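So the protein sequences, as listed, match chains A and B.
Under our numbering, the first sequence has 395 at position 395, and the numbering climbs by one with no breaks.
Whatever position you read off the second sequence (first residue = 1), add 1000 for our numbering.
These are calculated hints, taken from the structure and not from any lab test.
Treat the numbers as computed from the prediction; the structure is a model and nothing was measured.
It is possible that some hints are incorrect.
[Unchecked claim] If the Cβ cut is set under 10 Å, some of the chain A residues that face chain B in the computed set are:
1. K47
2. P49
3. S116
4. D120
5. I168
6. S360
7. N361
8. T426
9. K431
[To be verified] Where chain B lies over chain A, by a calculated footprint (3+ residues, C-beta under 8 Å):
10. 52-63
11. 74-84
12. 99-112
13. 288-299
14. 307-318
15. 375-386
16. 391-403
We put the CB at the ideal spot given by N, CA and C, even for glycine.
There are 2 protein chains.
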Amino acid sequence: MLQRIISSPLRSPSAVKPVYGHLLKRTLASTLVLQNEDKKQTVLQLKTPKGTKDYNDKETKVRQSLFDTITRIFQRHGGVTIDTPVFELSSILSGKYGEDSKLIYDLSDQGGEACSLRYDLTVPFARYVAMHQIQQMKRYQLAKVYRRDQPNMRKGRLREFYQCDFDIAGQYDPMIPDAEVLKILNDTLDALEIPFYLKLNHRQILDGIFEICGVRPEHIRAVSAAVDKLDKVPWTVVEQEILQKTTATTDVTSKTVAGKIQHYVQFLSELPTTDLVETLERDDAFLKHSGAMKGLADIKLLLEYLDVYQMRDRVKLDLSLARGLDYYTGVIYEAIAEPSEGVGSIAAGGRYDHLVGMFSNSKKTIPCVGVSLGVERIFSILMSRLNMQEVKSNATQVYVISVGDGFLKERMALAQELWKAGINATFMYKKKPKLEKQWIACEKDQIPYAVIIGQDELDRDQVRLKDMRTKIADQRGGSILARKDLIDELKQRLSRMEN
Amino acid sequence: MLQRIISSPLRSPSAVKPVYGHLLKRTLASTLVLQNEDKKQTVLQLKTPKGTKDYNDKETKVRQSLFDTITRIFQRHGGVTIDTPVFELSSILSGKYGEDSKLIYDLSDQGGEACSLRYDLTVPFARYVAMHQIQQMKRYQLAKVYRRDQPNMRKGRLREFYQCDFDIAGQYDPMIPDAEVLKILNDTLDALEIPFYLKLNHRQILDGIFEICGVRPEHIRAVSAAVDKLDKVPWTVVEQEILQKTTATTDVTSKTVAGKIQHYVQFLSELPTTDLVETLERDDAFLKHSGAMKGLADIKLLLEYLDVYQMRDRVKLDLSLARGLDYYTGVIYEAIAEPSEGVGSIAAGGRYDHLVGMFSNSKKTIPCVGVSLGVERIFSILMSRLNMQEVKSNATQVYVISVGDGFLKERMALAQELWKAGINATFMYKKKPKLEKQWIACEKDQIPYAVIIGQDELDRDQVRLKDMRTKIADQRGGSILARKDLIDELKQRLSRMEN
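Let the hints inform the model, and build the full structure from the sequences given.
If you want it as structure tokens, here you go:
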């Protein structure tokens, strides 16, 4: 049923509402004075830690439905799931994230091993593959990760957030798993009805271009990080960063190097993918660079496969896409939501062939390719489409109501019968509840059926059954049923509701 | 399908197998030499942190099925779920767990707020209720909690483990929510086919007895903690602990006090519940203690309600049950698995009426009652019943196989058709896979159907469909179908499989 709510067409095409703003303000303001263990007066802040938040029952229901949809597509493609600890030995995480390592949360040294909260699901997966000597695996994982970043609630940037990852580990023929990972990403975003396109690039093409342009090997990662910002800042800012990082260290002037880089990552990237591929294949410097040509061959084969998967038109080769993380070695990609959704990148990934090897005793590695969905941004999009009032967070099907003298034990016995038959039922926890309050509770929780008992019904072994979703006048008191027929009648009605 | 595996009768009535032992040994042994960032040789331990473990795909499948069953029962009783951060401000957790506070994991002080990993789900829930000013809520939560305890893998005692909690917050008529929480616990363990009984007690009865016996108020918690051990150690050990904690601080001798306590918590507790209640009601000292009598009235009313819920015979009033945690104020209970399961306590809970008030500005509190399932022990029981070989961790329904010249793109296109129709399909990531290897992969992953294409089938717009679960000789090559009929045929067969 929620599936239907979530799959409904876009109600508001405007940018994402800042759904957290009001909540944040209220919670930050509510501090209170308590006595601590030393009997000194201290101020207890009644809030969650910076960059984290609670999700209420309706939000959690929407998130669960989002996870269910993602899981359904991940399983459609043969994925299995595993569970790894929320913290890892710090040594496992160190040296994997470049500059971003400073964002890792460490646990206190309480006289044991040095541990850190996981920063992503990729490094723990690579550790898992190495440790358990896995040869081949298609695994997905939906779990929380932790980054001590500057939080931005409005943009959905939190310190604790979910990632939904699909990764394929194993030695296979070229680009077949890469194509399937992109197909999985494509089908997941389609299932969530999020309009998007895919930026595609290749680390070997990118590194090749930088070498061709005259960037020294030791500067490639820094220049790469600068170029990666081209989707957010104008070229002049990127150029400035390149000049700072390469000045006086190359044979040619840095300005010349930057100009050559601009030719590739900005001017050529404006070409449609087919034209861009053809242009690179006519580029003498590019043709002579074996790494870059290997990367281009990968891209061409991948595009062929994506054609079979009927998603070729979703993909745009973009030479400015660099992706920050150190561990990528082959294709890299990013899914961008259409501008109307106002959130930008919603998924990213790539091939990382050496990460498992970093945890391996022998030189042997297991090549991997994967994708990570930034589910918090997708959640923001879904929330902006929904009327939260309409979201039903409980699964209750029947509310048991009494008319007259309370009949607590009679209501309990009736609920017990329903539970036993597998029907989700509840009632008011009062000895003698008012009829009006029972109706209100039933409506508030959007419970579809009410079963009513009073002295008359009890005397005659009957119940009244009322469909709460209809307001038809002539069923006001509900229809009268023999008590023994109630379960069958309810089961029939509930199964019709599901279809 | 896994539901069926899990619900199957006990295969081995013996004690739980030590399923983790071999794994632990192997992982602790596997360390390796790597170069760290300073290029110094260091030994990288390839393991998870102490007291944590990985769950592989089959284990995760069994756990997921366990969580699904628990969720189904929790929802049957009107529960909604929420999500709270995995760490809380340390000030929220402090002063809630008594002696056990030393087991709390703190995060490093990295220049922000002092935070700790959650120790249970109850305190974060109380914080949530207070912070969001909730008046009434039936909430369940299945999530990981963290304790820096001495791990015991064989007993399923870990530092990172799941709890499955159901709590009812709100002001209601006496014992109605308490009875439903016990009913939920009862029905959950029944759904998991775990034989058990319930120990029941009341904090006010317990505190009353200690006062009647002459224990000073400031010693009650310590004496209570000693008495709680009576299910694990003989009375003499408990007595020793009581004598140490009360010596020379009471008007009567400590030995006399201990003797009186033994009368109640050991001798009287051997009586059947009805006899025990009657005996207490004839006890002059007990009759004069208003707190104890209030507790007994609660218990009597609760037993009436449990009678309506048809679970009265599952419950045993046990005056030695004390429960360590500081925050309980009313009924307390513990579910004990039958000795044949070899794991002891598998769930516990009680009423805590003042915890929310500890987070509240006004004196106002929200009374709560709840239960926490020790899901790791339940998982151990399920694992000991299962043949893990038979657990299918993927959801794949069809394996696409080629005979002859590889037909990679043809396999891709066929898989694409199946995915589009909502069918879970996979194929071998090889350009020219051997037929034999494809059969092996299909069988290994327990995939029920194989769809086979070769030159003949492609020429004639046909496919072969083979049911992999039957070994009937005359379907060796599978049955031949027109390609256009494949999806319908598969959908029919798969829907029959589900029923």
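Each hint, compared with the structure:
no., hint, result
1, K47, "7 Å, holds"
2, P49, "5 Å, holds"
3, S116, "9 Å, holds"
4, D120, "16 Å, violated"
5, I168, "8 Å, holds"
6, S360, "7 Å, holds"
7, N361, "4 Å, holds"
8, T426, "4 Å, holds"
9, K431, "5 Å, holds"
10, 52-63, "holds (count 10)"
11, 74-84, "holds (count 10)"
12, 99-112, "holds (count 7)"
13, 288-299, "violated (count 0)"
14, 307-318, "holds (count 3)"
15, 375-386, "violated (count 0)"
16, 391-403, "holds (count 4)"
Checked against the numbered hints given earlier, this structure breaks hints 4, 13 and 15; the rest are met.
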